[in-house]
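**Q** Based on the provided sequences and hints, a complete structural model is requested.
Chains A and B are the protein sequences, given in the same order.
For the first sequence, my numbering assigns the number 65 to the initial residue and increments by one for each residue that follows.
For the second sequence, my numbering assigns the number 65 to the initial residue and increments by one for each residue that follows.
These aren't lab readings, by the way, just hints derived from the structure by calculation.
The structure presented is a predicted model; accordingly, all values stated were derived computationally and were not measured.
Incorrect hints may appear among the rest.
Pairs involving identical chains hold if they fit within one copy or between any two copies, as the list cannot separate such chains.
[Said to hold, decoys possible] Okay, derived cross-link-like pairs now, SDA-like style, lysine to any residue, Cα gap no bigger than 25 Å in a straight line:
hint, residue 1, residue 2
1, LYS248, GLU226
2, LYS248, GLU198
3, LYS248, VAL224
4, LYS248, ALA201
5, LYS248, LEU233
6, LYS248, ARG210
7, LYS248, ARG101
8, LYS248, GLU202
9, LYS248, THR67
10, LYS248, ARG219
11, LYS248, LEU160
12, LYS248, GLY203
13, LYS248, VAL260
Protein chains: 2
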Amino acid sequence: MVTIRVLLADDQALVRGALAALLALEHDLEVVAEVGRGDQVVEAARSSGAEVCLIDVEMPGADGIEATRSVRSALPEVRVLIVTTFGRPGYLRRALEAGASGFVVKDTPASELAEAVRRVHAGLRVVDPVLAAESLAEGPNPLTERERAVLRCAREGLRVAEIASRVHLSQGTVRNYLSSAIGKVGAATSAQAAQVAEERGWL
Amino acid sequence: MVTIRVLLADDQALVRGALAALLALEHDLEVVAEVGRGDQVVEAARSSGAEVCLIDVEMPGADGIEATRSVRSALPEVRVLIVTTFGRPGYLRRALEAGASGFVVKDTPASELAEAVRRVHAGLRVVDPVLAAESLAEGPNPLTERERAVLRCAREGLRVAEIASRVHLSQGTVRNYLSSAIGKVGAATSAQAAQVAEERGWL
DNA sequence: ACCGGCGCCTGACAACTGTCATGGCCGAGC
DNA sequence: GCTCGGCCATGACAGTTGTCAGGCGCCGGT
Chain A
65 MVTIRVLLAD
75 DQALVRGALA
85 ALLALEHDLE
95 VVAEVGRGDQ
105 VVEAARSSGA
115 EVCLIDVEMP
125 GADGIEATRS
135 VRSALPEVRV
145 LIVTTFGRPG
155 YLRRALEAGA
165 SGFVVKDTPA
175 SELAEAVRRV
185 HAGLRVVDPV
195 LAAESLAEGP
205 NPLTERERAV
215 LRCAREGLRV
225 AEIASRVHLS
235 QGTVRNYLSS
245 AIGKVGAATS
255 AQAAQVAEER
265 GWL
Chain B
65 MVTIRVLLAD
75 DQALVRGALA
85 ALLALEHDLE
95 VVAEVGRGDQ
105 VVEAARSSGA
115 EVCLIDVEMP
125 GADGIEATRS
135 VRSALPEVRV
145 LIVTTFGRPG
155 YLRRALEAGA
165 SGFVVKDTPA
175 SELAEAVRRV
185 HAGLRVVDPV
195 LAAESLAEGP
205 NPLTERERAV
215 LRCAREGLRV
225 AEIASRVHLS
235 QGTVRNYLSS
245 AIGKVGAATS
255 AQAAQVAEER
265 GWL
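**A** Right, dumping it as structure tokens:
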């Protein structure tokens, strides 16, 4: 019997180990590598000969989306299955654009994970149907690059003056971008706009 | 050989299942119950006869701290081991006050989890040493109940007027509490104060 | 060459926020 | 009883935000 070679990327060692234990219960899966940083995925995938990479979105080094892009460009025959805590529609969209074959949220039943890995390995797509619907309903990210930049700053609680100096724009311009972002996400303040944008995966 | 009966509480099914698989590798541990909500812990612990409860802090229904308190008061002989994603010093403090016997963050190595369960079962305390040091260095939560209430609202991006109506205070009073909270955490805006307080586990 | 759109900026205004000083009310401790 | 400390409130002030109406320069298309 041919086993599927799996790489695990998650920054939480406990979760990583636990997922490894879970997958090890399946006779046709073999965890051949584990990493805790996004920027170690490609190298580990290459040296271990992984066929499927299970990647968490939230990771230090490079986030799961970037890691996916790197894997797909360096090792096109390797499939990527994103596993994430947050079912943010924007993440799904970006993950698929980056070349992921599947997207699973962490509150799907454990029993389905192995099956998802098999499907992805077989060249199929695996996407959480609820999330797919939300993603469609919500439409694409309406924010421009600049709006996202100022919102990322606003999320940290920075004030306009600080944002302006960080992104090298005038205060007035920053306020204009914030204002238009507030309008687009339907918020009342920039802090709230940053929150909404974040939870939609638009940041 | 006597096995230790373990209950698992985590809202993410995948993580829960994975932890179960991990613990099942140990001959002396047996996962006798799994729940996904904080308010189901006591009942499940009682009916399954669990001896150690492994509880995540972030959960719907009742958070891990509340769940711990409930377990300790309903079933005093049951030990609680908190497992959490976020190593927030304030969480540690509150968990111990609520009666937890141990506190482990999710990026500890998987191999240590089983050992932590055994220690807790034996009546020992298990505490992440790094976190314990941080907790001591930071001191106790300096915020009053009211300050925490307004900060919890501010964290959602609400404006003073909205916070005032939600907590049934005048706008001026809300601003006073926000101002004093801003001073205590060393922030510049209420949004930032809310963030800092949250990441310290003070909210 | 002209036009429209876009990115960046300005200036002005009303609204909101953060700070401070102050005062009334109440329960705890001497 | 008196004072002290919390809690809640008010009013006033300077500073910051959110909004709007523009202006300038730079492309890409016609």
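**Q** Among all the numbered hints in the text so far, which are the ones the structure does not match?
**A** Violated: hints 7, 9.
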